[in-house]
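Colleague: Residue numbers (my numbering), protein chains in the order written: chain A, 1383 to 1734; chain B, 56 to 337; chain C, 757 to 1031.
I should point out that these hints are in silico values taken from the structure, not numbers from a laboratory. Incorrect hints may have been included.
[Stated by the list, open to error] Per label pair, the in silico range of CB-to-CB distance:
| id | chain 1 | residue 1 | chain 2 | residue 2 | range |
| --- | --- | --- | --- | --- | --- |
| 1 | C | R966 | B | T136 | 42 to 52 Å |
| 2 | C | P786 | B | A194 | 50 to 60 Å |
| 3 | C | Q984 | B | D179 | 21 to 31 Å |
| 4 | A | N1531 | C | K840 | 50 to 60 Å |
| 5 | C | V839 | B | P181 | 27 to 37 Å |
| 6 | C | T924 | A | G1619 | 29 to 39 Å |
| 7 | C | P786 | B | D79 | 53 to 63 Å |
| 8 | C | P923 | B | D142 | 42 to 52 Å |
| 9 | C | R784 | A | T1571 | 36 to 46 Å |
[As the list claims (entries may be wrong)] With a Cα cut of at most 30 Å, we get these calculated DSBU-like pairs of lysine-lysine:
| id | chain 1 | residue 1 | chain 2 | residue 2 |
| --- | --- | --- | --- | --- |
| 10 | C | K1008 | B | K191 |
| 11 | C | K978 | B | K286 |
| 12 | C | K978 | C | K960 |
| 13 | C | K1008 | C | K921 |
Using N, Cα and C, we set each Cβ at its ideal position, and we do this for glycine too.
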Amino acid sequence: MLSISVPAFVSGVVSGQPMHIPDGYLGPWFAMAMWVVSLVILGLSISRFGRRLSQRMVPLVALFAAFSFVIMMFNVPLIGGTTGHAVGATIAAIVLGPEGATIAVAIALLVQALFFGDGGILAYGANVFLMAIVMPWAAWVVYRAIAGNASATSGRRLVAGAVAGWAGLSLAAGLAGVFFGMQPLLFHTADGTPLYAPFPLGVAVPAMLIPHMLVASVIEGLVTAGILAFVQRTNSGLLHAKDASTPQGAVNLRPLWIGLAALVVLSPIGLLAGGSAWGEWAADEIEGIVGYVPQGLASTQGWTAPLPDYGMSGLAPAFGYILSAGLGILLVVGIVWGIGKITARRTAQGKS
Amino acid sequence: MVGMRQNGSAPALFEVDNVHFSYDGRQPALDGVSLRITAGEKIAILGSNGSGKSTLLKLLDGLYFPTSGAVRYRGTPLSETVFNSDDFSFAFRRAVSLVFQDTDVQLFSPTVWEEVAFAPLQLDIPDDEVRARVAKALATLRIEHLAERTPHRLSGGEKRRVALASVLSLGPDVWLLDEPTTGLDPRSQSWLIDFILERSTVGETFITATHDLDIVSIIADRVYVFDETHKIVAEGTPAEILSNHALLLQCNLIHEHSHRHGELVHSHPHGHEGHAAHEHAA
Amino acid sequence: MARSVVERTLAGVTESLEQSLFAEEIAREPGALQSLDPRVKLIGFLALLLAVSFVHNLWVLVSLYCLTLILAWISRVPLDRFVKRVWLALPFFTGMVAIPVLFNFVTPGNPLLVLSNSPYIAITEQGARAAAFLILRVGTSVSLAVLLVLVTPWATLLRALNVLKVPTLFLLVLGMTYRYIYLLLRTSSDMFLARQSRVVGRMKAADQRRVVTNTMGNLLGKSYDMSQEVYFAMLSRGYRGRPRTLDQFQMKPRDWAWAAGLVTLAVVAVILGGR
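If we strip away everything but chain A, and leave its shape as in the complex, we get (with noise of 0.2 Å):
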């Protein structure tokens, strides 16, 4: 079955813009729960980036944003005929920080439901989470993890700026294929016509992830790595605008890595919990939310998401599914760390 529904995808995914989602494709409760979740994270940004630079934030982030608009619209070639977008939410990551960039990232995608049609207003609470949370807050842990106290013009940077940018784009397109996943577990008839995003997580994990390790990930790695560079030769004083890009205090990133990597296994698990009772999914939807936004909400305590401690009967059925997803997500993961480990050694090398 993979074989037809995910070629469909990918040349979706492979000739559209980067992934926005459209109202239709998940249900009005989680999309309102989304809307919620992402509210509560764009305030805590707009106020923590806000204290960092009081006043000079508006332009900051005003012409952020439409830079991140604009680029989106630029071709970028890959090989052969292969061409795709990029989301530019790692370059602002790298640039502003990632209160920063979700901001910046937020408003660009607000002006592109709103004046442009593209990505849904319901959905738009998903999207932000996705695109201008999840994004470049992986893409700017990437980033420093592997960047570490390189100087500003080395090439070190450019490599964590590229695997950043795959990463980031990866990790967001692997939570909407379990977004979409969700959706006919949680909203369906009663004859199991699904209402909203149809297809199984088995096959939307995948067929979101799959493509875009391959493309627009790609892209976006090369993207972020290709600015970079050229930023170092022209216009280096932007890497380290320090008052903007670094938040207050130093960052530990080791518990922000095994919190992120925790929150990556537990998401599909909690988000499945809801999805227990398959015949009645009036009460369903609801535990479905519950169920959600916890975990969401956790991504901004400390990254502890707890276990819920009901429906875990459901589970059974969905054994296969939440495997797939995990894994997929945690080869995402694993490949990031483990760049992230040889470029180290290398470094430490070459330094000895």
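Start from chain A and add chains B and C according to the hints.
Modeller: Quick look at chains B and C alone, frame taken from chain A:
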């Protein structure tokens, strides 16, 4: 008019005292600059691109602060600390306003109406008066028809009018104009000059940074000249400065084969108000 | 011969500039929706959007789509362009996605049309309805969003967001973003044009990519410098981090009637739609 200017005993509006300024500790942008301006004067700051004129205007507007030396506004040295006081900041921003060279920087609002309303709104002027001020500013610059337009589709001349309206609605006493004739066609240039002359007759101060020698004699009573080492090398009346061929050459304001400017130097700097009024009527 | 990436990007940039021009023209037509208070449009369309999302009945969904067409028609929106703009953008993703949904291996259920018995391949009733739900919901939602923007000048729409209690600071950023998108679009199109006139012949993908990322890097630097200057321009006119805006709208009886009408339609749709 003539009696008002350069009255040595009149209190200074701006006093710039041996100011050095550099961006990020790099090359100096201002290297020991001093000047004195009294209220109601029309001043031109002449210099080639990159000589430090724009930087000086930003220092006068309290956007940058000197690395060493002092910029005093009505006796108060400008610093980050004095702007932290709402009272001073309010009074200063209401009185002094900078019109940026790049209108795309100046016009950051979604529509012309909102652009013109921005300054009065920030300065806590009541709603009804904001509306009245916007209407008046739009009418003065004859751009009522542009009120709902977006800045990115205006012509160069229209953008310049909106930029002036966005400052006019504030009702400043002191105008700092940075290269105001950039990108203007001849007709737009002539209304800009009219605008400056009209406002200055009611006692408003105009400090214009420019490298456009054609307008200097009309929009200034007194001229400061920057050379390319970021220093002020001359001060005088437009007639004195414009007739000093060697000075203009040294400051890269004309080049060897420039005849056009040579001619203009001889055109009479006096009586220009009548000239402008005449043009206006035509 | 295939067009180069630079040419395609240029075409895309030009198209979006023109699209907004088209939208502004229609927003100035004297149609039914154009003259409404923007807050009414915002609330009314949001209600309809929610209805589209909540409905569990295909016929109600079809009716809601017809409603958007009627609204477009009474607002003098050229229907052919309206329908084309919505549906030509959709098949790429949704259309492709919807095809496999029809079959039993993705959506098991009662067979509607059996294509093969071994292996068993059939279009199922559930699959057909799932595909219809998806396409209709996406199509109607996008139609509503596009229509709202076509009949409302975007600056007005921005001001109307105030009613939804969007913080003023956020609106200030949003307005500024929209304004500078056009500047950056124009700047990038100039950069690409300059590049295009200098480059003759075909480039390798890696070289093309370098051209594109260099342009992006250039744009990034410009955006950053611009943000500094804009900050000064705001400061110079008294900005102290506490933005304030004016509410310029006034509700007329006609606006109240439309608001009530649109919200009622949305509620009726949800009730009829099986909730």
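Colleague: Would you mind marking each hint as holding or not holding in the structure?
Modeller: Tested hints:
1. C:R966 to B:T136: 42 to 52 Å: Taking Cβ atoms as reference, R966 (chain C) and T136 (chain B) lie about 48 Å apart, which means the hint holds.
2. C:P786 to B:A194: 50 to 60 Å: 26 Å, violated
3. C:Q984 to B:D179: 21 to 31 Å: 26 Å, holds
4. A:N1531 to C:K840: 50 to 60 Å: Given range 50 to 60 Å: holds, Cβ gap about 54 Å.
5. C:V839 to B:P181: 27 to 37 Å: 48 Å, violated
6. C:T924 to A:G1619: 29 to 39 Å: The hinted range 29 to 39 Å holds for T924 (chain C) and G1619 (chain A), with Cβ atoms some 32 Å apart.
7. C:P786 to B:D79: 53 to 63 Å: 55 Å, holds
8. C:P923 to B:D142: 42 to 52 Å: 27 Å, violated
9. C:R784 to A:T1571: 36 to 46 Å: The hint (36 to 46 Å, Cβ to Cβ) holds, given that R784 (chain C) and T1571 (chain A) are roughly 44 Å apart.
10. C:K1008 to B:K191: Roughly 27 Å separates the two Cα atoms, so the pair holds.
11. C:K978 to B:K286: Satisfied, since the Cα-Cα distance of roughly 28 Å is no more than 30 Å.
12. C:K978 to C:K960: Holds, because 27 Å separates the two Cα atoms, which is no more than 30 Å.
13. C:K1008 to C:K921: Distance ~21 Å between K1008 (chain C) and K921 (chain C) Cα, so the pair holds.
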